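Asks: What follows is the residue order along each chain.
2 protein chains.
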Amino acid sequence: MFESAEIGHQVDKRTYDKALPAMREALLEAQYELVRTQNCQVIIIVSGIDGGGRRESVHRLNEWLDPRHVETHGMGAPSDEEQDRPPMWRFWRALPPRGKIGIFQGSWYSLPILDRVFGRARKIELEEAMTRNVQFEKMLSDEGALIIKFWFHLSKPFQESRLKALEKDPRTRWRVTERDWEHFKRYDKFRKASGLAIQLSSTAQAPWYIVEGSDPHYRELMLGKILLEALSMRLKAKHSPSHSISALPNLPKLDQQDILRSLKLDQAMEKAEYEKKLEHWQGRLNVLTRHPNFEKISVVSVFEGNDAAGKGGAIRRITAALDARSYSVIPIAAPTDEEKSRPYLWRFWRHMPRRGRFAIFDRSWYGRVLVERVEGFCTEYDWLRAYNEINDFESQLTSHNMVVLKFWLSISKDEQLARFKAREKTSFKQFKITADDWRNRERWDEYEEAVCDMLDRTSTEKVPWTLVPANNKYAARIQVLQTLCETLESALKHYKRPAKQFS
Amino acid sequence: MFESAEIGHQVDKRTYDKALPAMREALLEAQYELVRTQNCQVIIIVSGIDGGGRRESVHRLNEWLDPRHVETHGMGAPSDEEQDRPPMWRFWRALPPRGKIGIFQGSWYSLPILDRVFGRARKIELEEAMTRNVQFEKMLSDEGALIIKFWFHLSKPFQESRLKALEKDPRTRWRVTERDWEHFKRYDKFRKASGLAIQLSSTAQAPWYIVEGSDPHYRELMLGKILLEALSMRLKAKHSPSHSISALPNLPKLDQQDILRSLKLDQAMEKAEYEKKLEHWQGRLNVLTRHPNFEKISVVSVFEGNDAAGKGGAIRRITAALDARSYSVIPIAAPTDEEKSRPYLWRFWRHMPRRGRFAIFDRSWYGRVLVERVEGFCTEYDWLRAYNEINDFESQLTSHNMVVLKFWLSISKDEQLARFKAREKTSFKQFKITADDWRNRERWDEYEEAVCDMLDRTSTEKVPWTLVPANNKYAARIQVLQTLCETLESALKHYKRPAKQFS
Numbered sequence: 447m448f449e450s451a452e453i454g455h456q457v458d459k460r461t462y463d464k465a466l467p468a469m470r471e472a473l474l475e476a477q478y479e480l481v482r483t484q485n486c487q488v489i490i491i492v493s494g495i496d497g498g499g500r501r502e503s504v505h506r507l508n509e510w511l512d513p514r515h516v517e518t519h520g521m522g523a524p525s526d527e528e529q530d531r532p533p534m535w536r537f538w539r540a541l542p543p544r545g546k547i548g549i550f551q552g553s554w555y556s557l558p559i560l561d562r563v564f565g566r567a568r569k570i571e572l573e574e575a576m577t578r579n580v581q582f583e584k585m586l587s588d589e590g591a592l593i594i595k596f597w598f599h600l601s602k603p604f605q606e607s608r609l610k611a612l613e614k615d616p617r618t619r620w621r622v623t624e625r626d627w628e629h630f631k632r633y634d635k636f637r638k639a640s641g642l643a644i645q646l647s648s649t650a651q652a653p654w655y656i657v658e659g660s661d662p663h664y665r666e667l668m669l670g671k672i673l674l675e676a677l678s679m680r681l682k683a684k685h686s687p688s689h690s691i692s693a694l695p696n697l698p699k700l701d702q703q704d705i706l707r708s709l710k711l712d713q714a715m716e717k718a719e720y721e722k723k724l725e726h727w728q729g730r731l732n733v734l735t736r737h738p739n740f741e742k743i744s745v746v747s748v749f750e751g752n753d754a755a756g757k758g759g760a761i762r763r764i765t766a767a768l769d770a771r772s773y774s775v776i777p778i779a780a781p782t783d784e785e786k787s788r789p790y791l792w793r794f795w796r797h798m799p800r801r802g803r804f805a806i807f808d809r810s811w812y813g814r815v816l817v818e819r820v821e822g823f824c825t826e827y828d829w830l831r832a833y834n835e836i837n838d839f840e841s842q843l844t845s846h847n848m849v850v851l852k853f854w855l856s857i858s859k860d861e862q863l864a865r866f867k868a869r870e871k872t873s874f875k876q877f878k879i880t881a882d883d884w885r886n887r888e889r890w891d892e893y894e895e896a897v898c899d900m901l902d903r904t905s906t907e908k909v910p911w912t913l914v915p916a917n918n919k920y921a922a923r924i925q926v927l928q929t930l931c932e933t934l935e936s937a938l939k940h941y942k943r944p945a946k947q948f949s
Numbered sequence: 447m448f449e450s451a452e453i454g455h456q457v458d459k460r461t462y463d464k465a466l467p468a469m470r471e472a473l474l475e476a477q478y479e480l481v482r483t484q485n486c487q488v489i490i491i492v493s494g495i496d497g498g499g500r501r502e503s504v505h506r507l508n509e510w511l512d513p514r515h516v517e518t519h520g521m522g523a524p525s526d527e528e529q530d531r532p533p534m535w536r537f538w539r540a541l542p543p544r545g546k547i548g549i550f551q552g553s554w555y556s557l558p559i560l561d562r563v564f565g566r567a568r569k570i571e572l573e574e575a576m577t578r579n580v581q582f583e584k585m586l587s588d589e590g591a592l593i594i595k596f597w598f599h600l601s602k603p604f605q606e607s608r609l610k611a612l613e614k615d616p617r618t619r620w621r622v623t624e625r626d627w628e629h630f631k632r633y634d635k636f637r638k639a640s641g642l643a644i645q646l647s648s649t650a651q652a653p654w655y656i657v658e659g660s661d662p663h664y665r666e667l668m669l670g671k672i673l674l675e676a677l678s679m680r681l682k683a684k685h686s687p688s689h690s691i692s693a694l695p696n697l698p699k700l701d702q703q704d705i706l707r708s709l710k711l712d713q714a715m716e717k718a719e720y721e722k723k724l725e726h727w728q729g730r731l732n733v734l735t736r737h738p739n740f741e742k743i744s745v746v747s748v749f750e751g752n753d754a755a756g757k758g759g760a761i762r763r764i765t766a767a768l769d770a771r772s773y774s775v776i777p778i779a780a781p782t783d784e785e786k787s788r789p790y791l792w793r794f795w796r797h798m799p800r801r802g803r804f805a806i807f808d809r810s811w812y813g814r815v816l817v818e819r820v821e822g823f824c825t826e827y828d829w830l831r832a833y834n835e836i837n838d839f840e841s842q843l844t845s846h847n848m849v850v851l852k853f854w855l856s857i858s859k860d861e862q863l864a865r866f867k868a869r870e871k872t873s874f875k876q877f878k879i880t881a882d883d884w885r886n887r888e889r890w891d892e893y894e895e896a897v898c899d900m901l902d903r904t905s906t907e908k909v910p911w912t913l914v915p916a917n918n919k920y921a922a923r924i925q926v927l928q929t930l931c932e933t934l935e936s937a938l939k940h941y942k943r944p945a946k947q948f949s
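Residue numbers (our numbering), protein chains in the order written: chain L, 447 to 949; chain A, 447 to 949.
For the record, the hints were derived by calculation from the structure and aren't laboratory data.
Incorrect hints may have been included.
Identical copies go unnamed one by one, so any copy, or any two together, can satisfy a pair.
[Claimed, not checked] Calculated cross-link-like contacts (lysine-lysine; reagent style DSBU-like; alpha-carbon spacing at most 35 Å):
| # | residue 1 | residue 2 |
| --- | --- | --- |
| 1 | Lys786 | Lys546 |
| 2 | Lys699 | Lys584 |
| 3 | Lys584 | Lys569 |
| 4 | Lys584 | Lys908 |
| 5 | Lys742 | Lys584 |
| 6 | Lys786 | Lys671 |
| 7 | Lys602 | Lys919 |
| 8 | Lys942 | Lys638 |
| 9 | Lys635 | Lys584 |
| 10 | Lys710 | Lys459 |
| 11 | Lys635 | Lys569 |
| 12 | Lys859 | Lys699 |
| 13 | Lys638 | Lys569 |
All of these numbers come straight from a predicted model, not from anything done at the bench.
Let the hints inform the model, and build the full structure from the sequences given.
Replies: Now the structure itself:
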């Protein structure tokens with residue numbers, strides 16, 4: 447969930463100063479149109495980690511907007527009036543009327559997440575709370591409200607150095623309290639609980655905007671731009687979106703950074719080192735499949751990546767270590783007639799392996815949010831809902847003691863060109879390069895955006911994506927094998943009988 | 447949930463024999479159009495209580511339809527192949543392709559409900575399973591599937607006499623096993639668990655059809671008619687409904703019975719008896735408000751009913767017994783500007799009482815599914831989603847130790863006419879009768895349908911509707927007071943601190 451907000455997004459002061467006046471003017475204009483047309487009510491949730499910029503963002507919004515039409519709610523501990531009523535009462539009474547903007551610092555997300563972090567609630571209770579939040583927001587949205595949810599994030603190393611820096615400086619020391627360190631100790635728990643909360647409550651009607659909070663210029667421009675674009679889209683929409691998908695903007699791009707570009711693609715590894723390591727990890731993998739617990743689990747691994755990134759080669763290095771009866775490789779191309787006439791996940795469900803087996807997907811269900819999205823084979827509504835459907839699908843697998851791994855093999859545009867040309871030159875490799883590959887290459891940027899969205903929306907605690915720099919095939923294959931072995935090892939070691947499940 | 451399926455619906459053999467041939471012909475025609483157009487896949491779930499007619503219904507469908515395009519799945523215990531995969535795998539593999547009809551006897555509802563009935567699962571687990579089912583069906587429906595869910599119900603007395611009758615007859619004795627009596631012992635638990643499951647999984651995209659199963663003629667015609675109408679509506683729809691609401695039929699009317707008509711409206715009670723009872727119950731109510739636990743709960747009571755049914759009079763008999771500081775009566779008329787500019791439940795949330803207080807609503811949030819539906823003040827989508835929103839709202843109240851009571855005061859059309867005329871004649875009552883009242887009266891049948899749907903969809907285990915025959919005002923008032931006292935008494939006696947709640 448948070449990977450894209452841990453790569454050091456930045457905007458320099460000059461760019462910020464240049465962009466700000468126009469943005470503020472446009473925001474005010476949009477706000478006045480909102481007031482004039484009474485088009486909808488706007489609900490802004492400002493959440494995130496300590497020090498991520500929640501308080502500053504609320505100040506900024508009040509500075510930028512006409513405060514006469516803004517209602518800010520800092521929701522702390524409930525009053526006795528509030529405790530007398532059901533928990534949602536305080537939020538209901540604070541709902542803004544049409545034409546106004548309500549800012550919630552502290553919302554219907556705060557307590558469920560904190561209760562989980564501090565061990566006062568079980569996972570199922572957090573999940574239940576998120577189901578209720580989704581229903582609540584669906585109702586608000588059906589009633590015409592525009593809901594914009596911001597999550598300001600800081601990486602763990604950044605958070606630590608931030609606290610230390612504040613503490614070192616006598617002028618800011620007072621700002622670091624014991625509570626801050628107390629919270630920092632729970633960083634991982636907080637990241638896990640809030641990641642799950644965000645995953646479960648990021649809907650097409652009310653998605654979360656996860657914004658890296660370390661650089662104030664970046665953070666503030668993101669805040670303003672997202673709000674501005676969301677407002678403009680809504681004001682332009684002819685009729686209330688009601689039960690259709692509300693038009694909401696994608697995460698704006700303010701710098702040249704994204705999670706793919708932040709990867710170092712050229713890893714060093716020579717053939718001799720590769721062959722030694724290959725033998726080591728293949729041997730280890732084979733031993734793992736003879737672990738007594740292996741008959742109680744199964745393994746699903748997914749390979750996605752740029753064309754010519756070396757998916758097939760990596761897969762063959764895995765299967766070489768396995769008993770032929772224990773795996774199947776499922777290459778995913780265009781769906782068959784049988785498959786087309788059923789819901790799109792059916793073609794993947796049918797290949798789910800039995801206990802003690804591997805299923806290795808060469809491309810996968812992620813086609814829905816990659817090629818189908820980019821090529822327009824399905825509607826925006828279809829690929830937007832697919833993120834949640836896929837997360838739900840994979841969580842059904844992991845709850846059933848299936849080990850799910852997802853690899854994204856990443857090569858540079860230049861490296862791809864070189865490989866395409868090499869394929870064309872080698873007669874026995876020509877079948878691997880088609881007109882489609884060249885066509886896809888022309889849409890490189892669109893695919894990159896789709897891949898980044900996919901990583902953000904489907905890299906979950908239980909089933910994270912493994913990003914594999916693949917300009918060097920050797921290094922890529924070893925990383926894949928090693929990740930597979932280590933994940934498997936941990937699953938075998940921590941094997942527990944699956945929780946009771948309903949069908 | 448089940449009230450409308452416990453009133454002895456019947457269709458006589460002649461009517462049945464007359465209706466059957468045309469229905470079968472139309473069903474076959476619709477099926478062939480489905481096959482020809484490959485418009486969608488049809489998923490029929492056949493569920494319900496033992497003896498309610500599940501097996502017979504599946505047979506009937508296979509008899510009526512061309513079996514070459516029907517796939518019937520009797521889902522029993524999972525095979526070892528199935529146990530190796532996540533629980534939903536067996537249902538995925540059984541999904542019919544477009545153009546076919548898949549019948550599921552035993553579905554993704556069976557285990558969650560049975561696990562709850564036999565104490566193997568907690569309530570929250572049943573709720574979680576229903577959330578998953580709703581997501582699963584939403585996905586199927588978004589993918590174009592038509593989902594029709596039948597629940598065949600029998601009342602407890604009917605079930606008991608059915609089993610006894612079978613046992614008595616030597617020719618049928620073999621049909622009653624110990625398992626049947628074992629299940630009958632759990633009738634109440636089953637009714638409760640399945641009621642909750644149905645409430646949580648009745649969505650606009652895939653509502654449950656609850657059919658009284660005692661009379662085979664009625665049951666079979668309902669089965670055929672609902673299927674036929676759902677198919678016809680879908681085949682007529684120009685484009686796939688995708689994320690809009692699928693057009694699905696209302697419950698057909700096959701006899702002249704409905705839950706309102708099954709009420710005996712003329713209760714006998716003379717003035718003397720009334721005055722005695724009134725004093726008794728008012729006294730008791732007053733004593734209850736001084737119970738030590740009363741400061742820990744609050745009471746919300748809702749009065750709905752036909753125009754001139756005596757809501758105001760009943761309310762005054764309650765408030766007369768209360769300390770003026772402890773209650774407020776909230777008459778609901780047209781919303782104010784303030785209220786109109788917020789989601790519709792806001793105007794009710796704002797009146798939720800503190801601990802130790804009563805809020806008495808003279809008309810209520812049910813306006814959404816009554817007047818707003820009938821008069822077209824909101825769209826079909828809006829009032830369809832309101833059932834779940836209201837159930838969710840009320841369950842938030844009860845989870846917070848608020849006692850919620852809902853009264854429907856029912857008078858006959860003749861009695862209403864008499865009262866209208868009387869009001870017109872009495873000068874100090876003329877304000878109570880307006881042109882609106884006469885207009886509403888002209889739509890009596892439409893209101894009746896809306897009321898029956900409301901009772902079916904929002905009478906829940908925790909917050910049932912109390913139907914009050916009100917042709918005799920005395921009897922009606924006493925029934926209201928007595929119900930209030932007894933409900934309150936039980937709540938005070940069984941008071942538990944509210945479970946931990948989020949946000």
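Asks: Now tell me if each hint is right for this structure.
Replies: So, going through the hints one by one against the coordinates:
no., hint, result
1, Lys786 <-> Lys546, "between (46 Å within a copy, 14 Å between copies)"
2, Lys699 <-> Lys584, "both (28 Å within a copy, 33 Å between copies)"
3, Lys584 <-> Lys569, "both (23 Å within a copy, 24 Å between copies)"
4, Lys584 <-> Lys908, "both (26 Å within a copy, 24 Å between copies)"
5, Lys742 <-> Lys584, "between (40 Å within a copy, 32 Å between copies)"
6, Lys786 <-> Lys671, "between (40 Å within a copy, 30 Å between copies)"
7, Lys602 <-> Lys919, "within (31 Å within a copy, 69 Å between copies)"
8, Lys942 <-> Lys638, "both (20 Å within a copy, 33 Å between copies)"
9, Lys635 <-> Lys584, "both (28 Å within a copy, 32 Å between copies)"
10, Lys710 <-> Lys459, "within (27 Å within a copy, 78 Å between copies)"
11, Lys635 <-> Lys569, "both (12 Å within a copy, 27 Å between copies)"
12, Lys859 <-> Lys699, "within (20 Å within a copy, 65 Å between copies)"
13, Lys638 <-> Lys569, "both (11 Å within a copy, 26 Å between copies)"
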